[in-house]
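Undergrad: Chain residues, written in single-letter form:
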Amino acid sequence: MINHTHRITVSEIVSETSSNSAAYPLHLELDKALMSNELVELSFLNCPAVSSSFLNSSIGLMLEKYGYEKFRKLVSITNCRPMIAIVLKSYIEEHKNLVSI
Amino acid sequence: MAISTNKFRFKFQSNNNKFAWLQNQISLVRKDASREHIRFVFLDFNDIGFLEPFHITALACLLEELYQLDKDITIEYSQNEPGCQYLKKINFFNFWSDENYDRKNFMPPTITSSFGLWQISPEMIDNYGNSAQKYFEDNFLTDSCLDSLKIALTELFNNIFDHANSPIKGFVYCQYYRNIEKIKFAVCDFGVGIPNSINKFLMNKQEPQVSDQEALVKAFQNRFSTQSTPQNRGWGLHTLSKVVNVSNGKITLHSNNASLTIENAFIKTYRQTEAFQGTIFEVHLDVNTFDSLDDVAVLEY
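Quick mapping for you: the protein sequence lines, in order, are chains G and B.
End of the first sequence sits at 101 in my numbering; the numbers just go up one at a time, nothing left out.
End of the second sequence sits at 301 in my numbering; the numbers just go up one at a time, nothing left out.
Chain G extracted, bound-state conformation (with noise of 0.2 Å):
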C-alpha cells in the first residue's frame, strides 16, 4: 500500500554534502520512508553540491537496498540546479541494473 507523499529537504536534514557521515540523516530519512512504501518528494532546495561520497551513504545505499525500479516509482527529485541534476541523474540512472537485496 502506498501512503501519503513524504517531503525531506536535504539542506535542512544534513550539517553539508561533502562526506560519507553527512549523509547519515539523509540515509536514516529516506530508509524509513522507503520500508514504509511512503511516496517521498527529495527536494534540493538550497543544497550545496552534493560529492559522490554523499550520494554511496545516502540515495547509494537506498538503491543498493530497494532496487532501482522501486526507488524510481516511490522518489521523485525536485528543486536541483542544474549540474546537480546532472550528477544525480547520472548518479541514479546507472544504478538501473540493481534489484534490491
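Wrong hints could be hidden among the right ones.
Stated by the list, open to error - Here are the simulated lysine to aspartate or glutamate pairs, EDC-like style, with alpha carbons at most 16 Å apart:
1) B:K184 - B:D286
2) B:K7 - B:D47
3) G:K89 - G:E38
4) G:K96 - B:D286
5) G:K89 - B:E300
6) G:K89 - G:E69
7) B:K71 - B:D47
8) B:K88 - B:D44
9) G:K70 - G:D31
10) B:K184 - B:E99
11) G:K73 - B:E300
12) B:K134 - G:E16
13) B:K182 - B:D286
14) G:K70 - G:E41
15) G:K70 - B:E300
These are computed hints drawn from the structure, not numbers from a lab.
Guided by the hints, dock chain B onto chain G, whose structure is given.
TA: Relative to chain G, chain B alone:
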C-alpha cells in the same frame, strides 16, 4: 645544483613542459634533498618564471615534505622577480617561515583572482569547496552558479583521503583567469600514486597488473574502486570527469609513470620514463558554461 656535505642547493627554472618541470626539478629535489645526511636545503626561486596552480601545489608539497623531514630550508628570492612577487602575494612563503601563520585556514591572498594556497584537511573539505564557490561567485561571476567547481574540488579531496596514503597532506590552489575565461585549480599529493594503488589492489585480488597508463584510465571508469574504504563505489573520478566535460573543461593528471588528459570526453594517456611519486591533478573549467544562479532543472529518471 650542488650537493656537498650536509648542504643541498637547487635553483628552480621555468619550463613550458609541466611534466618535465615536475620530473627534472620537483622529483630531483625530493630525491636528493631528502637524503638523511642533508641538513640544510637552499632553494633559489629567482628564475622560477610564470607559475600556475600546477606549479604552486607541487612546490608546496615539496616544501612541506622537506619541512616534515626537519630540514633547515632557506628560500632565496628577489623581490623584483615576477614569479617571486606572485608567490609572496599568495602568502606562499608564510607556510614555512611564519610560525604564527594558521595553516589550517585558507587565507585569501592579495591577488584577488586567486583563492589562495591551502593544505587539505578532512575537516575542511566541505568548507573549502563551498567557500571557493562563493568567493568566485561573489567577486567575479556574480550571475553564475559554480556548483561544478565545488563538486570537482570535493571529489579530488575525497580521493586523496580515501586512496593516497600520503605522509604529508596535499595542497590545493585555485585561480580565475579572466583573460581566457577559465578557472584553473590543481590538487597535489605525495602519496603512493594512482597506478601503484590500483596495482596493489589487483595484486591482492590475484588479478593481473596493468600498466600505469591503463591504471589511470581504470581510475576514471565508473564503478571501479580499490575499495580502500567500505563506502567506496568507484564514482569519484567518474563524477569529476562528467562535471568537467559538461563545463567544457580539461583534466590533466600525472601519477607514477603515466600522464592522462581528458578533454571533450576524449582520453589520452602518455607513458613517462621517470616516475612521479604522488599524484597531481590540474583542472580547467570554462566559465562560459556555468549555469545562471536561478536556474532550476527538472530531474526525470
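Undergrad: Hints first: check each against the structure and report whether it holds.
TA: These are the hints, each one checked on the structure:
1. B:K184 - B:D286: holds, 9 Å
2. B:K7 - B:D47: violated, 21 Å
3. G:K89 - G:E38: Not OK: K89 (chain G) and E38 (chain G) at ~21 Å, beyond 16 Å, violated.
4. G:K96 - B:D286: Violated - the C-alpha atoms of D286 (chain B) and K96 (chain G) are around 31 Å apart, more than 16 Å.
5. G:K89 - B:E300: Holds, because 7 Å separates the two Cα atoms, which is no more than 16 Å.
6. G:K89 - G:E69: Roughly 14 Å separates the two Cα atoms, so the pair holds.
7. B:K71 - B:D47: Violated. K71 (chain B) to D47 (chain B) sits at ~23 Å, over the 16 Å cutoff.
8. B:K88 - B:D44: holds, 14 Å
9. G:K70 - G:D31: Between K70 (chain G) and D31 (chain G) the Cα gap is close to 12 Å, so the pair holds against 16 Å.
10. B:K184 - B:E99: violated, 29 Å
11. G:K73 - B:E300: holds, 11 Å
12. B:K134 - G:E16: Satisfied, since the Cα-Cα distance of roughly 15 Å is no more than 16 Å.
13. B:K182 - B:D286: The given pair, whose Cα atoms are some 5 Å apart, holds under the 16 Å limit.
14. G:K70 - G:E41: holds, 14 Å
15. G:K70 - B:E300: holds, 15 Å
Going down the numbered hints, you'll see the structure goes against 2, 3, 4, 7, 10, while the others check out.
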